[in-house]
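Engineer: For reference, the chains in residue letters:
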Amino acid sequence: MNPFKSFHIVKRDVLPWYKAWGVRAIAIIIALIICGIVTTITTGLNPISVYGAFFQGAFGSARKIWITLQNMSILLIIALALTPAFKMRFWNIGGEGQVLAGALATAACMICLGGKLPNVVVILIMTVASVAAGAAWAFIPAFFKAKFNTNETLSTLMMNYIATQLVAFFTVVWEVPKGSFTVGIINQSTNAGWLPQIFGSKYLLSIIVALAITAAMFVYLKYSKQGYEISVVGESERTAKYVGMKTEKVIIRTMLLSGAVCGVAGLLLVGSINHTITTTINNGQGFTAVMVSWLAKFNPITMIFTSLLIIFLERGAGEISMNFGLNQSFADILTGIILFFIIGCEFFITYKVAVHKKKEKIANGKEEK
Amino acid sequence: MAEAVIKLVNITKKFGPVIANSNVSMEVNKGEILALLGENGSGKTTLMNMLSGIYFPDAGEIYVNGKKAVISSPKMAFELGIGMVHQHFKLVDVLTATENIILGLEGRLNKKEAKAKIKEICDKYGFDIDPDQKIYDMSVSQKQTVEIVKVLYRGANILILDEPTAVLTPQESEKLFTVMRNMKEDGKALIIITHKMHEVESISDRVAVLRKGEYIGQMMTKDTNAAEMTNMMVGRTVSLNIRRPDPVDPKPRIQVEGLTVKTIDGITKLDNVSFTANSGEILGIAGISGCGQKELLEAIAGLQPAEKGSVVYVNDEGSKEELLGNDPRRIEELGVALSFVPEDRLGMGLVANMDLADNMMLRSFRNGKSIFTDRKSPRNLAENVVDELEVVTPAIETPVRRLSGGNVQKVLVGREIASAPTVLLTAYAVRGLDINSSYTIYDLINKQKEKGVAVIFVGEDLDVLLGLSDKILVLCGGKVSGIVDARTTDKNTVGMMMTKIMEEGGTKENESI
Chain A
1 MNPFKSFHIV KRDVLPWYKA WGVRAIAIII ALIICGIVTT ITTGLNPISV YGAFFQGAFG
61 SARKIWITLQ NMSILLIIAL ALTPAFKMRF WNIGGEGQVL AGALATAACM ICLGGKLPNV
121 VVILIMTVAS VAAGAAWAFI PAFFKAKFNT NETLSTLMMN YIATQLVAFF TVVWEVPKGS
181 FTVGIINQST NAGWLPQIFG SKYLLSIIVA LAITAAMFVY LKYSKQGYEI SVVGESERTA
241 KYVGMKTEKV IIRTMLLSGA VCGVAGLLLV GSINHTITTT INNGQGFTAV MVSWLAKFNP
301 ITMIFTSLLI IFLERGAGEI SMNFGLNQSF ADILTGIILF FIIGCEFFIT YKVAVHKKKE
361 KIANGKEEK
Chain B
370 MAEAVIKLVN ITKKFGPVIA NSNVSMEVNK GEILALLGEN GSGKTTLMNM LSGIYFPDAG
430 EIYVNGKKAV ISSPKMAFEL GIGMVHQHFK LVDVLTATEN IILGLEGRLN KKEAKAKIKE
490 ICDKYGFDID PDQKIYDMSV SQKQTVEIVK VLYRGANILI LDEPTAVLTP QESEKLFTVM
550 RNMKEDGKAL IIITHKMHEV ESISDRVAVL RKGEYIGQMM TKDTNAAEMT NMMVGRTVSL
610 NIRRPDPVDP KPRIQVEGLT VKTIDGITKL DNVSFTANSG EILGIAGISG CGQKELLEAI
670 AGLQPAEKGS VVYVNDEGSK EELLGNDPRR IEELGVALSF VPEDRLGMGL VANMDLADNM
730 MLRSFRNGKS IFTDRKSPRN LAENVVDELE VVTPAIETPV RRLSGGNVQK VLVGREIASA
790 PTVLLTAYAV RGLDINSSYT IYDLINKQKE KGVAVIFVGE DLDVLLGLSD KILVLCGGKV
850 SGIVDARTTD KNTVGMMMTK IMEEGGTKEN ESI
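So the sequences go chain by chain: A and B. For the first sequence, position 108 (counting from the first letter as 1) is numbered 108 according to the numbering used here, and the numbering increases by one without interruption. For the second sequence, position 306 (counting from the first letter as 1) is numbered 675 according to the numbering used here, and the numbering increases by one without interruption.
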C-alpha cells in the first residue's frame with residue numbers, strides 16, 4: 001500500500017499566537033537535542049558543556065553582551081532596510097553592496113575631510129554622504145525594474161560585486177602603511193570623523209540608532225500613506241494601478257529608502273565601530289539580514305528577536321569552535337541544524353498533517369486486496 | 370429505482386472554525402443529471418472537491434459503486450471514475466488538445482492512438498474539437514470541451530461540472546447540454562453546479578440543495594419550479610423579478626467617439642467604438658467574452674491607453690472633460706466621480722490579503738494632508754457596508770480572500786458606490802454570485818441609476834441584460850454590432866448580434882442614439 005495514502009496535508013487556519021510560539025519552542029528544543037546527538041557522535045564532547053559555551057560566547061561577560069547587542073544592531077538595521085522593499089515584493093539582495101557603498105562614502109569623508117573641517121561638519125557630511133551613497137546604490141536596480149521590469153534579484157546582487165571591487169580599489173588608494181593593502185585605523189591620532197560615544201560607551205550609539213529605526217520603520221510601514229502604498233503595490237500591482245498609484249514612483253521611492261537605511265549601517269560600521277574599511281567589513285550581513293527579515297515575517301518589532309537569535313547563534317558558534325578546538329565548520333553545522341528547525345517549523349504552523357484513522361486504512365487496504 | 374454510484378454519508382468538512390459542510394448525506398444515481406444548488410458559500414464546491422480528491426473530509430464516508438472509498442488525491446478519484454471540470458481551466462496553452470488530454474498519464478506516449486480514442490469519444494457524445502489545435506487558438510467553449518474530453522478519456526463515469534455555463538454564450542450552453550444529455554444516455558452520472566435556474570430546469574433530472582453547508586433536501590426537477598428551488602436555497606421567499614425603473618431626465622454623461630484600442634502585440638481589441646452613456650440610465654454591454662468589454666471599461670477608467678478616439682465626460686453643467694490619456698488618479702482630480710467594479714475582483718478591485726477596512730482605504734487613503742493614513746473613516750465605511758449590504762464576514766479584520774464570492778463583490782461594490790459616483794462601470798458584476806446576492810447587486814445598481822448615475826453594465830447573462838438595462842450595446846470582435854432598446858428587443862436578436870456584425874441597419878441605429 002502506498003504510504004502516501006495514509007496521511008495528507010491540510011492548510012491550517014491561523015493559529016493563535018501562543019500555539020504558534022509553542023510550535024517554535026518545540027522546534028528549538030528538538031533542534032538542540034539533535035545538535036546534542038550530533039556533537040556527541042562526532043566529537044565525543046558532552047553536549048551540555050558545549051551548550052554552556054555556546055551561551056557563554058554571546059552572554060558570558062558584560063563586554064560580550066555589549067558586542068552581541070552591537071552586532072545585533074547592525075544586522076537589525078540592515079534587515080529593517082530590506083523590509084520595505086520585501087513588503088513591496090522587490091527582492092533586494094543588494095543590502096551588502098548598499099552597506100558597503102555607505103561605508104565607502106563614510107571612509108572617504110573621514111579621510112578627505114577629517115581635520116580640515118570642524119568635526120561636527122565632517123560628521124554631518126559623512127551622514128549625508130553615506131545615506132546618499134546607499135540610496136544611489138539601490139536606485140540603479142530600482143530604476144531599471146520600474147522602467148524595464150528587469151529582474152531585481154540579479155541586478156541588486158550584481159551591484160554587490162561592484163561595491164566590493166570599488167572598496168578593494170580604494171583600499172589600495174588609501175592604504176596605510178604603503179604596501180599593506182589595508183587602510184588601517186582612520187585618523188587614529190585625531191579621531192576626526194569618529195562618531196561620538198554615548199555616555200562614554202562606544203557600543204551604545206549603534207543600539208540607539210537601531211532602536212530608533214525600528215520604531216520609525218514600524219510606524220512608517222503600518223500607519224503612513226507611503227507604507228500603505230508599499231503594501232498595495234506588493235500585494236497586487238494591478239490593484240495599485242487601478243486606484244491610480246504610480247507604481248514606478250513607489251518602487252523607486254521605496255528602494256531609495258531601503259538603500260538609505262543600508263547606508264546608515266555603513267556609516268555606523270565605519271564611523272562608530274571599526275574606524276576602518278575593508279571589503280569584508282559587513283561580513284555578509286546584507287544576506288543574513290534577508291533571513292532576519294523573512295523570519296520576522298517583515299514585522300520590524302519581531303526583527304529585534306530574530307536578529308538577536310541569529311547573532312546569538314553566530315557568536316555562540318564562534319565560541320565553541322574556539323573553546324573546544326573545533327573548527328568553524330562544526331559551529332556552522334550546529335547553526336545550520338538550529339536554523340533548519342526554526343525555519344522548517346513554519347511549515348507546521350501553516351499546515352497540519354492529518355493521519356487517516358486506522359480503521360479507514362484497513363477498509364481501504366481490503367478493497368485494494 | 371436507479372442505482373446509486375455515489376453515496377455520501379454524514380460528510381463534514383471544516384476550515385478552521387468555519388464549517389463548510391456539515392453532515393451532508395446524499396446520493397448520485399447512474400444515468401442522471403443532478404443539479405447541485407446553493408448560495409455562494411453554501412459548500413457546493415467544497416463538497417465536490419472532496420469527491421474529486423482535492424480536499425479530504427474531516428468526518429463521514431464516501432461510497433463509490435457501493436464500496437467504501439478513501440479519496441485522498443485527484444489521481445485516486447480518477448481511478449474510481451470520478452472526474453471534475455473546474456470553473457477555471459487547467460490547460461497548457463502551448464500544447465494541442467491531444468497533448469493536454471494525455472498529459473500526466475502513465476505509460477508509453479502514443480499520440481496516434483490517443484487521437485483515435487479522442488475522436489471516438491467525440492463522435493460518441495457529439496463533441497466538436499480538433500485534436501491538433503493548440504489551446505491558445507481555442508475559444509473558451511472549446512477549451513471547456515477539451516477539459517470534459519480529458520475527464521472522459523481518463524474513463525470517468527461520474528462527471529462533476531462546476532458552473533460550466535458561466536463562461537458560455539446561450540448557444541454554446543445549449544450545445545453543452547446536448548452533449549450532457551448524450552452522456553446521460555450512455556449511463557454516466559453527471560453533477561452540475563449552476564446558479565442559472567432556467568438551466569437547472571432544462572438540463573437536470575433531480576436537484577439537491579445545500580444551505581450554509583447543510584443538506585436541505587432534494588426533489589425531482591419536473592415536480593418543482595425556479596421559485597421553489599430559490600426559496601429552498603435561501604431559506605425564505607425571494608422575488609425573482611428584476612426591477613427596471615424608467616430613466617429620469619437622461620442627459621449624455623460619457624461620450625465615446627471612434628475609440629480604438631490595440632494590445633502591445635498590435636491586436637485590435639476595440640475598433641472604432643462610439644456610443645453615449647446617459648445619466649440615470651443603465652447601458653448594458655453584451656458580447657461573447659473577450660470581445661473588447663474589458664478594454665472598453667478600462668479605457669474609460671484610465672487604465673488602458675487607446676490608439677485613437679476620445680472619451681468625453683460631460684458634467685451636470687454641460688462642460689466637457691477628455692478622459693483618455695489620464696490615469697485614474699488624474700481623472701479623480703479632474704472632478705470626475707468615476708467608480709469601476711472590475712471583472713477581476715480580488716486581483717484588481719481589492720487586495721486579497723488585506724482586511725475589509727484596508728480595502729475600503731484603497732480609494733480614500735490619499736485624503737488629508739497628513740503623511741499618516743486616516744484609519745477611522747475606512748473602518749466606519751467597512752462597518753456600514755457590512756451592515757447595509759449584509760456582508761457575511763467573521764470580522765472587519767478578516768482578509769477579503771477568506772470571504773465567499775458574493776460577499777467579496779458586496780465589499781467591492783459597497784466601496785465603489787460609497788464615493789457617490791456619477792459614472793459607474795461594472796464588469797460581470799454577478800459572475801459566480803448566487804441568486805440572492807445577484808439580486809442585491811441589481812438592486813444596488815438600480816439605486817445608483819435612480820440617483821442619476823450613468824451605469825455601464827457589462828454582463829453575460831442575456832436574461833439579466835434584457836431585464837436590467839435601458840439600452841444594450843452589443844460588441845462583436847471589438848466592433849459595435851449595434852445598440853438596441855432593451856425594452857423592445859429579445860434574446861435571439863441580441864444573441865445573433867453577438868456572433869456577427871449587423872448589416873447597415875444596426876450600425877445606423879447606433880449612430881442615431
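Hint data in this document are derived by calculation from the structure and do not stem from the laboratory. All C-beta atoms in this analysis are idealised placements derived from N, C-alpha and C, irrespective of residue type, glycine included. Treat the hints with care, since some could be wrong.
[Said to hold, decoys possible] Only pairs whose alpha carbons sit at most 20 Å apart, straight line, appear in this in silico SDA-like list of lysine to any residue:
no.: 1; chain 1: A; residue 1: 241; chain 2: B; residue 2: 499
no.: 2; chain 1: A; residue 1: 11; chain 2: B; residue 2: 499
no.: 3; chain 1: B; residue 1: 437; chain 2: B; residue 2: 562
no.: 4; chain 1: A; residue 1: 87; chain 2: B; residue 2: 721
no.: 5; chain 1: A; residue 1: 241; chain 2: A; residue 2: 218
no.: 6; chain 1: A; residue 1: 241; chain 2: B; residue 2: 443
no.: 7; chain 1: A; residue 1: 225; chain 2: B; residue 2: 741
no.: 8; chain 1: A; residue 1: 11; chain 2: B; residue 2: 526
no.: 9; chain 1: A; residue 1: 222; chain 2: B; residue 2: 726
[What the hints assert, rightly or not] Sample of chain A residues facing chain B (criterion: CB under 10 Å; computed from the structure):
no.: 10; residue: 151
no.: 11; residue: 225
no.: 12; residue: 238
Engineer: Give a verdict on every hint.
Structural biologist: Hints and how they fare:
no., hint, result
1, A:241 with B:499, "violated, 39 Å"
2, A:11 with B:499, "violated, 40 Å"
3, B:437 with B:562, "violated, 25 Å"
4, A:87 with B:721, "holds, 15 Å"
5, A:241 with A:218, "violated, 25 Å"
6, A:241 with B:443, "violated, 38 Å"
7, A:225 with B:741, "holds, 5 Å"
8, A:11 with B:526, "violated, 30 Å"
9, A:222 with B:726, "holds, 14 Å"
10, 151, "violated, 19 Å"
11, 225, "holds, 5 Å"
12, 238, "holds, 5 Å"
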